[in-house]
Each structure stands twice: as C-alpha cells, then as structure tokens.
Amino acid sequence: MADGLYAGLSYDAVLAKYADTVAGVCVMRLQNWADAEDCFQNTFIKLFQKSPDFQSETHLKAWLIRVAVNECRNYIAKNRRFLSLDAAHRSTTVEPSAWHDNERDISWALMRTEPKYREVLYLHYCEQYKVAEIAEILSIKPNTVKTLLKRGREKLKQIYGGDEDESSEL
Amino acid sequence: MNQVNFDSLNNIKAPEQWIKNAAAIPETSVRKRAFPLYRVAAAASIVLVSVIGLLTYLSFGNHAPIKLRDNAAGDVPPTESAGEGTFPDGEEFPRFDAIFPSFPRVDPTDAAGDPVIETPAQSKATREKPSATAPTEKGRSGSKTVGSTEFAPVPTQGAHSTHPPEPTQPSVVPTEPPEIPIPTEYHGEVVAGEICFTATFPASLIKEGEIVRCMYSVQGITSPATETDAEVQYTVMDNGMVYAMYEPGIQIVEEDTVTFEYLFYTDSAVLARGTLTV
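Chain order of the listed sequences is A and B.
To convert, count from 1 in the first sequence and add 8; that's the working numbering.
To convert, count from 1 in the second sequence and add 75; that's the working numbering.
Simulated from the structure, these hints should not be mistaken for laboratory data.
A portion of the hints provided could be inaccurate.
Unchecked claim - Below, in silico cross-link-like pairs of lysine-lysine (DSBU-like), each with a Cα-Cα straight-line distance of 35 Å or less:
| id | chain 1 | residue 1 | chain 2 | residue 2 |
| --- | --- | --- | --- | --- |
| 1 | A | 165 | A | 58 |
| 2 | B | 88 | A | 124 |
| 3 | A | 86 | B | 95 |
| 4 | A | 138 | A | 124 |
| 5 | A | 158 | B | 88 |
Looking at chain B on its own, in the form it has when it is part of the complex:
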C-alpha cells in the first residue's frame, strides 16, 4: 500500500457525548458581560476617593492644617546665613542687655565723660535700617550714625542677596575726631599698668577666620587707623558671644586722667565700641 489515505483523518468523528455536552453550553454557561464588573468597581472607587479628597479639602476652609511661617514676620529670631547675622527688616537689633544681661549698662557719655541725653530724632535715626558702610556713609562719622546702639549695624545679607557688600578698607574708617561722644557700653581694663580694651559681641557678626581690628581715640582725638588698627585677640565663647581684647600698649601715668574711646571692627562692619577712663 503505497497510497497515503488522508481521508481517514476526516473520519475522526466527535463523540456524541462531546456534542451533547457542547450543546448544553448555552444552558449552563453565561455570556460575559459587555462591561466587566471590575471596571465599574474601579471607576466607582476613583470617583469616591476623589469626592472624599475634595470634601476634605473644602472642609479645611481658611484653616489650613499646615501653614508655613513667614520669614518676614516680626517674631522670627535672627538667623545665620553665609556666616553673617541677619535681622528682620524694620526691626531693632537685639539689645545687648537681652543677650548678655549681666553686663552693666552705661548711659552714653560725651568726650569728657558727661552723660548725653538722646533726643527722639537721634533715637529714630538709630533705628533705621543698617548699612554696610555706615561709618563713612554721607560723610558722617561712624559714631554719629550708630548713636547709642550697642552693636554696629550689620548688613542683612542672606541667600537672597544678589549684591554682596563690598568690604570697607580699613583706611576708609573715619579718622576725624567724633563730633558726638561714642556711647559707652563696654569698659576697658587696666591690667598691670597697661590699658586693655575689651568688648563682647555676637559671633554671628563676624565670619569664621575674619580679622577683627581695633581703633581708639584719646581725649576726642582719634588715632590714625593706619597706626592703631592692630589685630584683636578674640575668643568665641560657648554662648555664641565673642570676647575681644586689645592692648594698645599705652603706659598709664598716675597724674593723667585720660578717656579712651575704642572701636572694634572688621573689614565689612563695626562690631562694638566702648570707652575707658583712666
């Protein structure tokens, strides 16, 4: 038999039982839904969650559960940015008494040591926004501008500052005698017959590694800065304050009564000022 009979394959008949079972499919089986139930459930869930979220959002109204504090608010404490102290605009700088309450406060005195009464105009001027070049700005001396403030104004320079202040050269520091006495907040010391100028100011006023210089005047005559602006030894204390000390190397003669007015400053800001009467 050399012929291959393919017709035999066509003779494969489906058993009658198969056909009976298949014929019963319409009675037992259910047509699939045109729109599956899980899709309806998914859509309903999305709508439900959206509605709940919207209602929750509307229920808050003007009382948001989370509110960011405005940095411009008056109760925001000074923050450090880029190593320099910043203060809110329009606010007074912290009083030295609040920072270092144990330090005795002394009223401003004139060149002769007499107390000077501050006028309202002067007081208002001292509350103006500080300037980086306050000691030399508009031809006024630094002692005039800062008045009775304990700390010299520091420019509010932060991350938003686009024009960093140009550092003031030490030679630009006023060399003229002060017309108005420098307010005293610090008092120098006489240690072993030598004069020592001291001051305490917040560490935020200076940058790390920045050189602090001292300038002083005797009897209302300011010594040239180029001769007296020696570097100041200072120590940063644990409470965030800096204790600065400068010895001008002046010997005290007992017959003399001399009043020294001194000023601690950096290239960019005046840190503190004080008087010493010997």
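In isolation and in its complexed conformation, chain A is listed as follows:
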C-alpha cells in the first residue's frame, strides 16, 4: 500500500466496492448473520493492519475473498461444538428471512449444501471466478475445484428434486 491506497483505492472506496462480496462469502459460509459480521469485520481489519501491496483490483478482490474464507474457516474451527448445534437448529429455521421468499432461489438451495460445495459454487457462479482462480483463492488444486463443482451441481439437483432444467445456468 502506498499513501493509504489499496490498488489505487482508498480504504473507504474498497469498503464500498467489495463489502457486498465479502459479506456474501461470509454469510454463504457461516449461514449466520452475527457470525458473518465478525468475519466481515476481521477481514477489513486485516486489510487495514497488514496493508499488502496489490497489483490490481482483481488481486485486491481475490485477497479479500481468500481472507474472508480463511476467517470463516478459523471461526468454524474455533466454534465447532457450538456451530454444530446451530447448524442443526438452522436446518429447520433458515435465515435470513428474506431467503424464505422464494424457496426455489439458488441461495436457498446453496444453504442446504455442504460448505465445501457452497464456497466453490458461490465463487464460480456469483463472483464469476474461473476454476483456476478459485483454486488459487482457496489454495486447492484445480481438479479438486472441478470435482467440487460437479458434485455441488448434483447436490443442487437433489435439493431441487432433479426436475429443473439447469443446463442453461449450471
């Protein structure tokens, strides 16, 4: 970072531009707004404290997503016992409430998939990342990303009952 800029953007500009992306990653991973907020804040705290040098905005965005994913993983690891009960409770009461509006919505389906599929599906279909980019962000092999994408789609098909025509989207 030079002169408080992150890839040419100020901290407030970065926050305004990528807050939704980081929030989406955290909510999608944790399925809990309170927990997601903690990881969201921690992500931007790290951005401010570490102040890494970014080559471009793409690099900045990827860094934010990777940090957010790692924060969520660390949070789950630290609170594994409590999250297991929360997840069991959440299976019957999915939040946020806005997602109840349309149960055919992909968000509703993604919330019922395992986290490892959810991350890959979210990054691929929502953040428009390619397989190689997802592999780099999540620090896994590209073939693993492909496998997770394929199995994630199958999970979605099972959740949807397998009657939807997903060829156009998936």
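Fit chain B to the given chain A structure using the hints.
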C-alpha cells in the same frame, strides 16, 4: 420454475451497520508495527546476556575460578594405573619409613655385615629415574643399581605408556655375586630352627595374581636363580602393604655365622631386598 437464479446471491447486501463498523476500523485499529516489539526485546536480551557473560569472563582475569591441577606437579601423590604403581618423574620414591614408620631402619652393610657409607655419587645414582630392567641393565648387577633404596625401582607405566615394558625372565636376574653389599632394610627371621626371609612393600608394586619370587645369597655368593626362585607366600594387608615371606628350607647350624642376602622380585620388577645374619 425451472430456471435457477444465481443473481439472487449477488443481491446479498452487506448491512449498513457492518459497513459503518468497518469504516470505523482505521480510527480504532492500529496498524501492526513493521518490526514487532518482541523481536526487539529478544535481540536486546541476547545482547545483554552476551555482554554480561563477557564482562564476567574478563573480570576473572588470570584467576580462573576452576583450575585443573597438573599431574606433573611434585605434590601429586603416586597413583595406580593398570595395577602398577607410578610416581612423578624426577621425584624420589617414597621412603619406606614414611610408609611403614614402625619398621626399624638399618644402615647399609657390606657382605660381612659392616656398615657402608654412601657417597654422594652413589646417592645421586639412586635418585635417577627407575628402569624396568634395572638389575641387568648395562651389565651392572641389581644390587649396584638400586643402591640404598628400600624398594626397587618400578617403571612408571600408566595409561599414556605406549610401549609396555617387556617382562624380565627370571633367568635374566643376575646370578653373579654382588660387588657392593645389598642394603638392608628387612631382616629375616629364624623360626623353629629354619630361616625365613620376610619383606614388606606396597601392593601397588605388583599386579593382582602376579607371582612373587625370592632369590638369596649366602656369604656374598648368590645362589643360582633357577634353583632358588621359588614362589613367595604373600599377604596383602589392609594398609595397602604386602607382607611377603619365603622359607628357603635351610637348617641352621649353631656353630655357623651366616649372612643371607635375599631379594623379592617379580617378572617385571624388583620389589624388596634385605639381609639376615644368623
């Protein structure tokens, strides 16, 4: 509805409160130091300990708190090594009086029993470094070489010795009559009409299980070693001394006045010598 709407995920908006809190991070949070404080503290500790150690070392100067004693020093007592006695180089062997003070000291006598005055040259020769083959070395007899010493010289053989002395065969022991009387330090005994040669010497002079032999001469004529070097009965006493006794089996005739000179020795060293006048 067969279409899956992924755009709905993109509609996840971060709550305004989240953004406000995140915007306040620069005001509340502090950037991490480029050089962590604990590293500075660790480096300072290492430097401090090093300086203290160096100053402590220099404060000793020439007075080291621990000093190893030199084994070559004159005040080092004899030590045992490999079962043999060793003495510092250039030092006299311990006098028998110091080891066994109760034993009466007798001046050297000649073959006839008369006292012999030791010359300075002879005295100096007796203080020379002992040799393993002293009795036969340079053609001199053993009685000449050792002079008035109570104990025959023992080679200083220790762990540093690379050439162990070759044991001297009993047949090599001088068979010629001694030219100079053997100094007397021990006196034999007459027990029940039989002659008994006795001597006491430090146990360090012999190895464990080593055979001690005795050789004697009568009236200045040494008996052949091959005939008289019988084994000696000896006992190791608690004070570290060995009491040796040998009975040659000679009957005493009352009319005769005979002086016996005897020598206790092992294959590698002469242990003690003495006279007995009957």
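Distance restraint between residue 158 of chain A and residue 88 of chain B, which requires alpha-carbon spacing of 35 Å or less: 28 Å, holds
Pair hint outcome, residue 165 of chain A versus residue 58 of chain A [Cα-Cα no greater than 35 Å]: Violated, because 41 Å separates the two Cα atoms, which is more than 35 Å.
Given pair status - residue 124 of chain A, residue 138 of chain A, alpha carbons within 35 Å: 16 Å, holds
Proposed proximity, residue 95 of chain B with residue 86 of chain A (alpha carbon, max 35 Å): Distance ~26 Å between residue 86 of chain A and residue 95 of chain B Cα, so the pair holds.
Agreement of residue 88 of chain B and residue 124 of chain A with the hint, judged by alpha carbon distance not exceeding 35 Å: 22 Å, holds
Consistency note: the structure conflicts with earlier hint 1 alone.
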